[in-house]
Amino acid sequence: MTHHPMPKEYYRLLYELQAVDFVLVELTLYLDTHPDDTQALHEFHQYQRRKQGLTQQFEQAFGPLHEFGNSPVGARWTWAESPWPWQV
Amino acid sequence: MWIYEKKLQYPVKVSKCDPRLAKYLIEQYGGADGELAAALRYLNQRYTIPDKVIGLLTDIGTEEFAHLEMIATMVYKLTKDATPEQLREAGLGEHYADHSYALYYHNAAGHPFTITYIQAKGDPIADLYEDIAAEEKARATYQWLIDLTDDVDLQDSLRFLREREVIHSQRFREAVEILKDHEGEKKVF
Amino acid sequence: MDKQWRFYRPYRSPFDPCVPKRVKAYIVPPNQFMPFQPPGLRTFSPHEALRRGTLWPDLYSRYNPPHREEIDP
Ligand SMILES: [Fe+2]
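Protein chains in written order, with the working numbering: chain U, 8 to 95; chain S, 38 to 226; chain L, 850 to 922.
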């Protein structure tokens with residue numbers, strides 16, 4: 008259990024990730040109704056690459072973001088550790 | 038299948054200890070035009086909508102769960118450290134009597150969530166128009182919640198959620214246009 | 850004041866009990882004028898998009914209700 012406050016770096020990286028993920032959400036809904044917009048699809052690919060880099064950085068520092076084997080886990084099981092998103 | 042992501046869609050910061058706001062915010066948790074109703078409505082309709090718009094209903098329905106988690110976060114932060122006396126003063130005495138600090142799916146007036154809030158007609162146009170109306174009503178609810186709040190940080194998160202409803206409405210109206218399918222009226226999809 | 854707001858003057862009775870709000874306002878978000886989003890619209894940077902809740906300035910709706918003095922001087 009981590010009961011000390013999360014470092015500034017946690018909030019900074021999280022915010023970067025939230026920004027890139029948000030662009031991907033917006034482009035997803037847009038592409039759902041504009042599947043033939045190749046420019047938007049191209050941007051989607053670009054942001055997906057940025058997301059991969061940021062996710063890797065975040066998970067190395069603060070543990071897995073996704074459950075059920077969708078994030079790398081280290082030698083110790085940290086998925087179920089606090090803090091949860093509503094606690095930070 | 039759904040995969041949980043251990044982060045909020047947008048940061049939720051609550052700067053003032055004002056548990057009364059939790060009483061109002063719960064409208065978007067278990068109210069008629071709230072995020073739970075939205076998620077359940079879209080994810081249920083997708084089984085009987087033309088394939089062209091199933092993806093959109095799935096994705097917007099999924100995003101609504103992220104919004105539900107943001108509202109829950111606001112309520113949690115506003116109430117977790119309040120004393121029963123403070124909750125009583127905030128008009129949450131009745132809530133405390135039944136639920137203590139637990140969140141519950143009801144609206145600001147305390148009425149429990151009911152599935153009769155949402156409809157599924159099985160007619161694609163009728164269902165999409167319900168979705169558009171639901172988005173505009175959710176947008177309006179966020180406006181009234183912003184009006185009731187003087188915490189600028191909380192307002193910031195509510196403004197984000199309000200704008201999402203503007204976009205969802207936009208996409209649902211595009212879905213209607215797609216289903217009108219002027220050019221290929223005899224096309225089967 | 851931004852141009853998404855609309856105004857109307859409701860009928861006033863001499864017997865209304867409260868100080869009258871002579872002008873009432875409501876907002877019409879920009880999605881109401883875009884039947885189908887055209888491709889290639891200008892976009893916000895990722896940070897700005899997150900802060901505003903949309904990637905597209907043309908679909909951004911600011912919610913800052915006008916004060917009474919602004920609409921009824
Ligand atoms: Fe929505």
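Do not rely on the hints blindly, as some may be mistaken.
Straight line, CA to CA, 27 Å or less: simulated DSS-like cross-link-like pairs of lysine-lysine [unchecked claim]:
(1) 89/S - 158/S
(2) 117/S - 44/S
(3) 174/S - 870/L
(4) 117/S - 15/U
(5) 873/L - 852/L
(6) 114/S - 158/S
(7) 44/S - 15/U
(8) 114/S - 15/U
(9) 117/S - 50/S
(10) 53/S - 158/S
(11) 174/S - 852/L
(12) 50/S - 89/S
(13) 174/S - 873/L
(14) 58/U - 158/S
(15) 217/S - 89/S
(16) 15/U - 58/U
(17) 50/S - 15/U
(18) 43/S - 89/S
(19) 15/U - 53/S
(20) 174/S - 15/U
(21) 89/S - 53/S
(22) 53/S - 114/S
(23) 58/U - 117/S
(24) 43/S - 114/S
(25) 43/S - 53/S
(26) 50/S - 158/S
(27) 852/L - 870/L
(28) 217/S - 58/U
(29) 89/S - 114/S
(30) 43/S - 117/S
(31) 174/S - 89/S
(32) 44/S - 89/S
Okay, the calculated bits of chain U under chain L, using three or more residues with CB under 8 Å as the criterion [stated by the list, open to error]:
(33) 39–48
(34) 69–75
Don't read these hints as lab results, they were simulated from the structure. Note that beta-carbon positions come from the ideal geometry of N, C-alpha and C, so glycine has one too.
CA of residue 117/S to CA of residue 15/U, is that 27 Å or under? holds (23 Å)
Hint check: residue 44/S vs residue 15/U, CA-CA at most 27 Å. Holds or violated? Holds: residue 44/S and residue 15/U sit about 16 Å apart, inside 27 Å.
Hinted pair residue 50/S and residue 89/S, Cα distance within 27 Å: Violated, at roughly 38 Å.
Take the C-alpha atoms of residue 89/S and residue 114/S, compute the straight-line distance between them, and say whether it is at most 27 Å. violated (40 Å)
What's the verdict on residue 58/U and residue 158/S, does the C-alpha distance respect the 27 Å limit or exceed it? Distance of about 39 Å is beyond 27 Å: violated.
Is the hinted pair residue 53/S and residue 114/S satisfied, with a Cα-Cα distance of at most 27 Å? holds (10 Å)
Between residue 58/U and residue 117/S, does the CA-CA distance stay at or below 27 Å? violated (33 Å)
For residue 89/S and residue 158/S, compute the direct alpha-carbon distance and say whether it is at most 27 Å. holds (18 Å)
Is the Cα-Cα distance between residue 50/S and residue 158/S 27 Å or less? Roughly 39 Å between the alpha carbons, so the hint for residue 50/S and residue 158/S is violated.
Need the status of pair residue 217/S, residue 58/U: alpha-carbon distance at most 27 Å? violated (36 Å)
When you check the alpha-carbon spacing of residue 44/S and residue 89/S, does it fall within 27 Å? violated (30 Å)
Hinted pair residue 43/S and residue 117/S, Cα distance within 27 Å: holds (20 Å)
Hints 6, 10, 12, 14, 18, 20, 21, 23, 26, 28, 29, 32 and 34 from the earlier list are contradicted by this structure; the remaining hints agree with it.
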